[in-house]
Amino acid sequence: MPTKVHVQTRLNGEEVEFLCEPRQSLLEVLRDVLGLTGSKEGCNNGNCGACSVILDGVLVNSCCVLGVETAGREVTTIEGIASPDGLHPLQQKFLEHAALQCGICTPGFVVAAKALLDKNPHPTEHQVRYWLAGNLCRCTGYDKIIRAVLDAAQTTEAKA
Amino acid sequence: MQAFDYAAVRSVDEAVSLLAQHGDQARPLAGGTDIIVAVREGRRQVAMLVDIKSIPEVNQLSYDAAQGLTLGAAVPCYRIYEHPEIAATYPGLIDAVSLVGGTAIQGRASVGGNLCNASPAADTTPALIAHRAICVIAGPNGRREIPAEQFCTGPGRTALQRGEFLVALRMPSPPPHFGAQYLRFIPRNEMDIAVVGVGASVVLNEDHSAFVSGRVALGAVAPTPLLVESAGAALGGKAVSDETIQQAAEAAQAAARPIDDMRGTAQYRRHLVGVLTRRALRGAIQRAKER
Numbered sequence: 046m047p048t049k050v051h052v053q054t055r056l057n058g059e060e061v062e063f064l065c066e067p068r069q070s071l072l073e074v075l076r077d078v079l080g081l082t083g084s085k086e087g088c089n090n091g092n093c094g095a096c097s098v099i100l101d102g103v104l105v106n107s108c109c110v111l112g113v114e115t116a117g118r119e120v121t122t123i124e125g126i127a128s129p130d131g132l133h134p135l136q137q138k139f140l141e142h143a144a145l146q147c148g149i150c151t152p153g154f155v156v157a158a159k160a161l162l163d164k165n166p167h168p169t170e171h172q173v174r175y176w177l178a179g180n181l182c183r184c185t186g187y188d189k190i191i192r193a194v195l196d197a198a199q200t201t202e203a204k205a
Numbered sequence: 032m033q034a035f036d037y038a039a040v041r042s043v044d045e046a047v048s049l050l051a052q053h054g055d056q057a058r059p060l061a062g063g064t065d066i067i068v069a070v071r072e073g074r075r076q077v078a079m080l081v082d083i084k085s086i087p088e089v090n091q092l093s094y095d096a097a098q099g100l101t102l103g104a105a106v107p108c109y110r111i112y113e114h115p116e117i118a119a120t121y122p123g124l125i126d127a128v129s130l131v132g133g134t135a136i137q138g139r140a141s142v143g144g145n146l147c148n149a150s151p152a153a154d155t156t157p158a159l160i161a162h163r164a165i166c167v168i169a170g171p172n173g174r175r176e177i178p179a180e181q182f183c184t185g186p187g188r189t190a191l192q193r194g195e196f197l198v199a200l201r202m203p204s205p206p207p208h209f210g211a212q213y214l215r216f217i218p219r220n221e222m223d224i225a226v227v228g229v230g231a232s233v234v235l236n237e238d239h240s241a242f243v244s245g246r247v248a249l250g251a252v253a254p255t256p257l258l259v260e261s262a263g264a265a266l267g268g269k270a271v272s273d274e275t276i277q278q279a280a281e282a283a284q285a286a287a288r289p290i291d292d293m294r295g296t297a298q299y300r301r302h303l304v305g306v307l308t309r310r311a312l313r314g315a316i317q318r319a320k321e322r
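Protein chains in written order, with our numbering: chain A, 46 to 205; chain B, 32 to 322.
Where hints are given, some of them may not hold.
What the hints assert, rightly or not - Going by beta-carbon spacing under 7 Å, a handful of chain B positions derived as facing chain A:
1) M32
2) A38
3) Y112
4) G133
What the hints assert, rightly or not - Some but not every residue of chain A turned toward chain B, in silico, with C-beta under 7 Å:
5) T82
6) C88
7) G94
8) V105
These are calculated hints, taken from the structure and not from any lab test. The structure displayed is predicted, hence computed values, not measured ones. Glycine included, C-beta positions come from ideal geometry on N, C-alpha and C.
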């Protein structure tokens, strides 16, 4: 039988070590092994985006990544988005625009939007909508989310 | 999810050795967006996943005008459309990799994996066929190459034999006056499985008045993606006109063997093949003129 594997990775800016079975997804490792429950399990098959994390600068669904695959890599989860000084502008704008209702999809949307703004600080509405097409929300109807992301992009721009 | 072993291999030989040893019980792991989900949902049993992403050749993406495009089997979609020269040279491929899943899927999923998953509705396969892609396969008896249109043999089935895996795809450098387009019909804007997909490519003459050659490939209308040779034959040497395009579209419709399912009826799919073939050819012609 497969035994647990020792994995070292960089998670939200800190070196971490953990033991996991090869069959455990990164999402399971985050939630069940490391206690980081911000990333959510929605569909568990790559359709909903609730488990979105950033892996070596690239947005991925953590349910479709094995924990063992992250050895020597860099992972950013929703827990790594805010700074010690306060919320990330995206988080602040999600609050201001009421861009969430039940909140299950929100961590995934914030992480996915962060990956977008890292790559493209001034996206058009069209670009935001397509970038976030892999994140599903069953409450808001998306408009408030899109407005929050566009507003956050402007805020970040104003600060820079 | 069932338990399995995991091996991150560094060489083609190491991968072949493990795959040959375990046979059907081992599967290569690239982006994992199909295989991890299939194992989790019990649709596939595995004793081992062989992670091939760390093999340099399998993660290689390179282009030059003489050699054409070398696309390692594990290269994720986003790396292809973010490469300006490749994006300008292989437009049909870019159409396809830009609409596979959402952003997070494109960050992991590979064209090689899409091909090996052998879904009849795979978006990137008709584009590969339109671009004359060659599959580079490694196995216990060395290497062999086959055209992309011969790779899939049925839903979920491929030409790969025990111990073999797809190392890379090669696409020739397009000739002058070349254009290509992949179009997919889905009932929403994003994130859905093709009801029909059509990949088309054309080579025009100097003044763009006639086709030198053309290729039409169909997805989601047969057990495998289809190269419609009769559609290409309808274009070669003919004037660029609505009539020629219509003849190619009718050839594509005649070659389609669609079924009724939750995404559409066979009749609807056959109609769509005509519409999308005409549109994809017009798109390819436009791109050939702009190039």
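Comparing the hints with the structure gives:
1. For M32(B), the interface hint holds, since its Cβ comes within 7 Å of a Cβ in chain A; the closest pair sits about 5 Å apart.
2. Here the hint on A38(B) is broken, as its CB sits about 9 Å from the closest CB of chain A, past 7 Å.
3. Taking 7 Å as the C-beta contact cut-off toward chain A, the hint placing Y112(B) at the interface is violated, the least distance being around 12 Å.
4. Taking 7 Å as the C-beta contact cut-off toward chain A, the hint placing G133(B) at the interface holds, the least distance being around 2 Å.
5. Of the supplied interface hints, the one on T82(A) is violated, with its beta-carbon coming no nearer than about 19 Å to a beta-carbon of chain B, more than 7 Å.
6. The restraint placing C88(A) at the interface with chain B is violated, with a minimum CB-CB distance near 9 Å, outside the 7 Å limit.
7. With its C-beta approaching chain B no nearer than about 6 Å, G94(A) sits inside the 7 Å limit, and its interface hint holds.
8. Interface hint status for V105(A): upheld, as the beta-carbon distance to the closest one in chain B is roughly 5 Å, under 7 Å.
Checked against the numbered hints given earlier, this structure breaks hints 2, 3, 5 and 6; the rest are met.
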